[in-house]
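Novice: As you go down the protein sequences, you meet chains A and B in turn.
Under the working numbering, think of the first position of the first sequence as -8, with each following residue one higher.
Under the working numbering, think of the first position of the second sequence as 1431, with each following residue one higher.
Any given hint might turn out to be false.
[Said to hold, decoys possible] Mimicking DSS-like on lysine-lysine, the simulated pairs with C-alpha atoms at most 27 Å apart in a straight line are:
1. K171(A) - K88(A)
2. K88(A) - K1637(B)
3. K74(A) - K88(A)
4. K1534(B) - K88(A)
5. K1578(B) - K1637(B)
6. K1536(B) - K1453(B)
7. K88(A) - K1578(B)
8. K1530(B) - K1453(B)
9. K88(A) - K111(A)
10. K74(A) - K1706(B)
11. K111(A) - K74(A)
I should point out that these hints are in silico values taken from the structure, not numbers from a laboratory.
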Amino acid sequence: MARTADQGQAIDIRVAGVTKAFAGTAALYDVHLNVRPGELLALLGPSGSGKTTLLRIIAGLAQADHGQVFFGGSDATTLPVQKRQVGFVFQHYALFKHMSVADNIGYGLRVRERANRPSKAEIRRRTSELLDLVQLSGYESRFPAQLSGGQRQRVALARALAVEPRVLLLDEPFGALDAKVRKDLRAWLRDIHERTGKTTVFVTHDQDEALELADRVAVLNQGKLEQVGSPDEVQDHPATPFVMTFLGQAARFNAEIRDGRLLVNGRLVSAAAPKAAIGQASLYCRPWHLKPVPAGHGHQHGLISGVRRLGSMRRIEVTQVDGTRLEIEAPLVTPLRVGEEIGLEIQDGVIFREG
Amino acid sequence: MSDLSAVLAPPVLAQQSVVTEHKLVRQLAITVALVFLLLFVVLPLAVVFVEAFRRGLAGFLAAFQEADALAAIQLTLTVAAIAVPLNLVFGLAASWAIAKFEFKGKSLLITLIDLPFSVSPVVSGLIYLLLFGAQGLFGPWLMAHGIKIAFALPGIVLATIFVTFPFVARQLIPLMQEQGTAEEEAALTLGASGWRTFLTVTLPNIKWGLLYGVLLCNARAMGEFGAVSVVSGHIRGLTNTIPLHVEILYNEYNFVAAFAVASLLAGLALVTLALKSFLEWRHGADLASGTHR
């Protein structure tokens, strides 16, 4: 997983039992998380899940009530933010309005103690090098107000990289940008990460962004860490119903486990093999786990309430007897019309024990 | 569509926006405002200067050759030189605390900052007399230790500080709240110390608002009458500020001198107004909106 880094060795971050109680939203409860050296990790969750709070605690911008944060094995819990050597990128850029692009990027070097401060010429050289990296050469003397959102965020990243941080932390870095710029910057961030090899954590509420960009995804919900895993792991083997439903569309069915076999509405589901021997369970199915069959067959039935074209497939919305709706995927050739009754055959799914 | 709107809109008003009043109403409103301004602002201000120069330039200058007048000017400058910097520091500290941190009693603090605006200046002066006067709470102790506060410079400074302390804070609080803490946090993550962050990030962002507040604070500090009048004791050449000196001259029917000295204050007001307008015109965006008192 670790890449060859050209600027020093990438370090790991360990969050051990971090708890933070807030009056109101975004609390954290006993969060344990290991970020591997050089990896790009996404903190994914809905708003109020505590993902930004966790990032700010790692950065030292917020203090945990309990728990510790380790950087490269050494305890950083009580280290003030100035000494943590983190590069932090804010959702709304937080560029210094009254400074030029070059002055913004050089700020972290200029405020160093005299003994560690590079010479003016050296700062200039580093600044222009970073401007090159973020593809903004020639913008040195512009002011933040004269830049587009995407350009501002690139300046913010260059500013964070200028101090040669041990880790890079980004708080919803593309949250304030429009869809097209977002897409470009994603690829570009991936590229920068490959080149610098720094351990990077970014916060997002956009599952596509997390799954596309990250080496691993940490899913947070209501202050608790639900699952950490590669994009494939969290999608194919979600640890909790929340992860299953947050990462994409999912329909839920009541299921029963009897003699090691899974039954929905009394009919056997062949593909999904339960681990437990007996009891009630929930079965969550993605649209492609369900196959349309003639009415009267399959595990479940309902009325077709909508048909949409989605690329090379059709998305069919089915209203079940109890009024809840679900979506299934079917080949284009399947002759289906709105208002028809239809049966659903469950071909696959993820089982969660009731509780 | 066009024929429909032609039917709906009265032909005469077709060009007018819905918020534009009838021409007559507009002219009436403008006239009333102008007459009012002329009567209550421009005319009195003009009278001050006309009366001051009634006996020519020589008569005007004579008012400033008097020792008491010079003492009053010096005292006013001294008071402002102490009160304004102190209120600058206090205003910065208070608005910093209010805008950047969450703490208990925050709304109480905001209310307290506004207090001098709602308390009559005479009452503010009396408070200091009741505290530091000869019969006051700390009076006997102060007297025993030979410290003079009431009817002396310290008392005048205290009363002036009290009356003028909302100006800087009131100007900065909304400005700092609007700006939030993200830039400061960015500076901290880049390794800047708290003090360095304040100097290089916070201060440049609020400098025009700060200047604006200081300007208003200074104008009020130099022009304050009520509170100072109570604590000063009106000792000529010793505890008379410019406004108090004007009153004494006027009561002695020395009109030319009274208006000449008053024209100093009027001039100060005009300069303040000009600077204030310049700041609003040049740096309006940095002054935060809707907070001008």
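Novice: Now tell me, hint by hint, if it's right for this structure.
Specialist: So, going through the hints one by one against the coordinates:
About 25 Å separates the Cα atoms of K171(A) and K88(A), which keeps this hinted pair within 27 Å; it holds. Proximity of K88(A) to K1637(B) is assessed by CA-CA distance (about 13 Å); at most 27 Å being required, the pair is judged to hold. For the hint linking K74(A) to K88(A), the alpha-carbon distance of about 24 Å falls within 27 Å, and the restraint holds. Only pairs whose Cα atoms come within 27 Å are accepted, and K1534(B) paired with K88(A) is rejected, the gap being roughly 31 Å.
Taken as a hint, the K1578(B) and K1637(B) pair is broken in the structure, with Cα atoms around 37 Å apart against an allowance of 27 Å. With a CA separation close to 49 Å, the supplied pair K1536(B) and K1453(B) exceeds the 27 Å bound. Of the pairs offered as hints, the one joining K88(A) and K1578(B) is violated, with about 49 Å between alpha carbons and a cut-off of 27 Å exceeded. Between K1530(B) and K1453(B) the CA atoms are separated by roughly 49 Å; this puts the pair beyond 27 Å, and the hint is violated.
A threshold of 27 Å between alpha carbons decides the hint, and for K88(A) with K111(A) the separation of about 22 Å falls inside it, so the pair holds. A hinted pair counts as satisfied when its Cα atoms are at most 27 Å apart, and K74(A) with K1706(B) does not qualify at roughly 42 Å. A threshold of 27 Å between alpha carbons decides the hint, and for K111(A) with K74(A) the separation of about 23 Å falls inside it, so the pair holds.
Checked against the numbered hints given earlier, the structure breaks hints 4, 5, 6, 7, 8 and 10 and satisfies all the rest.
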